[in-house]
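Student: Here is how the chains run, residue by residue.
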Amino acid sequence: MNKLLTELSDEDLIKEYQDNNTPEAYDILVKRYKDPLMNFVYRFVGDRDICTDVVQDTMIKFYLNKDSYRSFAKFSTWIYTIAGNLAKNELKRRRRRIIFSINNNDDERSPQIEDKMFLAPDKAADGEMRNEIIQKALLKVKPVYREVVILRDIQDLSYEEISEITGLAIGTVKSRINRGRAQLQKLLKHIYRE
Amino acid sequence: MKKIYNEDESKFSEMLNDLKGLPKIKAPDNFEYNLMTRIQNKNFGALEKERPQFNWIKFLAPSAVVVSAIILFFIFLPSSQENNNQLLQQTKLQDKQSEVNNPSSAKNELNNQPSVTSNDKLQSNSSSLLGSNNQASRPRTLSPLNDSRSIKLDDYISGANKNQSNTNRGNIVNNGEEPSQYDGFIVSEKPDKKTLERYRAVVDSIKKAQQKADSLKKVQK
Chain A
8 MNKLLTELSD EDLIKEYQDN NTPEAYDILV KRYKDPLMNF VYRFVGDRDI CTDVVQDTMI
68 KFYLNKDSYR SFAKFSTWIY TIAGNLAKNE LKRRRRRIIF SINNNDDERS PQIEDKMFLA
128 PDKAADGEMR NEIIQKALLK VKPVYREVVI LRDIQDLSYE EISEITGLAI GTVKSRINRG
188 RAQLQKLLKH IYRE
Chain B
25 MKKIYNEDES KFSEMLNDLK GLPKIKAPDN FEYNLMTRIQ NKNFGALEKE RPQFNWIKFL
85 APSAVVVSAI ILFFIFLPSS QENNNQLLQQ TKLQDKQSEV NNPSSAKNEL NNQPSVTSND
145 KLQSNSSSLL GSNNQASRPR TLSPLNDSRS IKLDDYISGA NKNQSNTNRG NIVNNGEEPS
205 QYDGFIVSEK PDKKTLERYR AVVDSIKKAQ QKADSLKKVQ K
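Chains A and B supply the protein sequences, listed in that same order.
Residue 48 in our numbering sits at position 41 of the first sequence, and the numbers go up by one each step.
Residue 182 in our numbering sits at position 158 of the second sequence, and the numbers go up by one each step.
Just chain B, same shape as in the assembly:
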């Protein structure tokens, strides 16, 4: 880059010498006198611009907008958050309900005992989708947010739930036993016998195919 410009300078050398040799223009003798006269007389012409004076309206208008925007933000934001967060609302409702329905569990919670005591008596048969027909015909709502299914992880870690049965432990992944008021997220659909049998037939055929494949592998070996 530098080289290019240096080459160019050599190309224009004669002209550059002439430019440098141009006579220097000097200010007229009365330049300073005129300047001082102008300054003393405050004859600044258009150069002196009046500084804008402080204007209350200009100051207040935007600040009022900003303040009102902040107020509106604080008025509407928390309520809208609560409205939007249905998940939190629902869990709060469920907490209250479980306290009302099962005061012993609330007590247990206060005593720092496992909250899954009511589920101890329940069986884990309901864990599979292809469970018994009785289960299928039972009217209930499946909910992932059922309190009765909750397991306290701290108790698991500290070993406070030694007496808890394995069925309860499995409850965390299986569906809960208690019906819930919650009816969001999951579309509850009562399964009819025909569809259940159809699913069962599909699963059976898959199992048979798997067995055949295993037996073929054995034969090949």
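So here's chain A without its partners, still in its complex pose:
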């Protein structure tokens, strides 16, 4: 039975879970999507612990609201939409908390995101460091652009899928990706010399 379930597509699995409440179908979908969602949310939020919580919440939302999924949509876009919305909410909550803490403790304040943009180019060339710099730069891109850049250039989703996830027109998605990339390139000008 399990072997058969693993061969099913995402859409068939969610249907099985909706119709027969099969826990195995849910488990398989969790296994399939936990890593891609972790990657997406981590690149968006930039904190591993928060990212784990967001993905857990995504899976619980999926568990609680399985019937809100409609078969005409792709399961992947549906679950990405949930994760994206939760990640955005988390960012907003964090921003509010930061503003609150800045207002309260002006003297003890420390920078929330460490700035490593101005490293020497030879150090920046180092792979791990380079990835870290890119991640920091990504977090400085506006969230509306960051989301689509991550979905397109890191998660490798198509424009159509991104359009479905974000609820935007394809043209808007393309222009946002372009602006996001331009912003990122500008932030990483030390690495990518023209």
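Everything labelled a hint here was simulated from the structure, so no lab data went into it.
Beta carbons are placed, not taken as given, at the ideal position from N, Cα and C, and that holds for glycine.
Among the clues, some could well be false.
Here are the simulated BS3-like pairs of lysine-lysine, each with C-alpha atoms no more than 25 Å apart in a straight line [stated by the list, open to error]:
no., chain 1, residue 1, chain 2, residue 2
1, B, 217, B, 232
2, A, 147, B, 217
3, B, 231, A, 38
4, A, 196, B, 48
5, A, 38, A, 73
6, B, 217, A, 38
7, A, 68, A, 38
8, B, 35, A, 147
9, A, 147, A, 193
10, A, 149, A, 196
11, B, 231, B, 241
12, B, 66, A, 73
13, A, 38, B, 50
Taking beta-carbon pairs under 8 Å as the criterion, some of the chain A residues facing chain B (in silico) [claimed, not checked]:
no., residue
14, 37
15, 148
16, 191
Once you've looked at the hints, dock chain B against the given chain A.
Tutor: Then chain B, alone, in the frame of chain A:
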């Protein structure tokens, strides 16, 4: 459009390669265990929203408004229509009056005969605005909704009104003979002699001018 984006992709190619080469973040090993524990313990936090229970007051309040609006609509709309449609009211009144005044015409209607029988004896002199002075001095109300002026089109088509005189036929465009109670729409004004003569003089002068113009045209030819 596609070309522009492709060009842009080439512009960012190095950065895009780096983005694609970023290490993939994986979920912690205990991710599923924690998730299942949360589900089993029903520890959903703020994610589980209580579904709003069915509330009779919330249901009844708008439905009561809608029902009362419909009832009011049906109570007031027909009467207001009748009040507004004076034209229809007036014709109904006139129908009744004509039946009372002229029972023969009502009978005629029942026998499917032309309703203009009473007008057969009348003359068509009254057709023009510049009619005789007697006519002008006659006190009456001009009404476009006079029953005596009505002509049954079906009879005209079927040829049932062969015996009807031409004067009656003209009655459809001329003013009726019978006085009417109807006093709406048209402002009835008793014409005095002076104004009638003035109009007549104007019409005569127009006619003379027309004749002169015709004679001049003839001369030119």
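Student: Work down the list of hints and note, for each, if the structure agrees.
Tutor: Each hint, compared with the structure:
no., hint, verdict
1, B:217 to B:232, "holds (22 Å)"
2, A:147 to B:217, "violated (97 Å)"
3, B:231 to A:38, "violated (104 Å)"
4, A:196 to B:48, "holds (24 Å)"
5, A:38 to A:73, "holds (16 Å)"
6, B:217 to A:38, "violated (107 Å)"
7, A:68 to A:38, "holds (15 Å)"
8, B:35 to A:147, "holds (21 Å)"
9, A:147 to A:193, "holds (11 Å)"
10, A:149 to A:196, "holds (17 Å)"
11, B:231 to B:241, "holds (15 Å)"
12, B:66 to A:73, "holds (16 Å)"
13, A:38 to B:50, "holds (11 Å)"
14, 37, "holds (6 Å)"
15, 148, "violated (11 Å)"
16, 191, "holds (6 Å)"
The structure fails hints 2, 3, 6, 15 (numbered hints given earlier, in ascending order).
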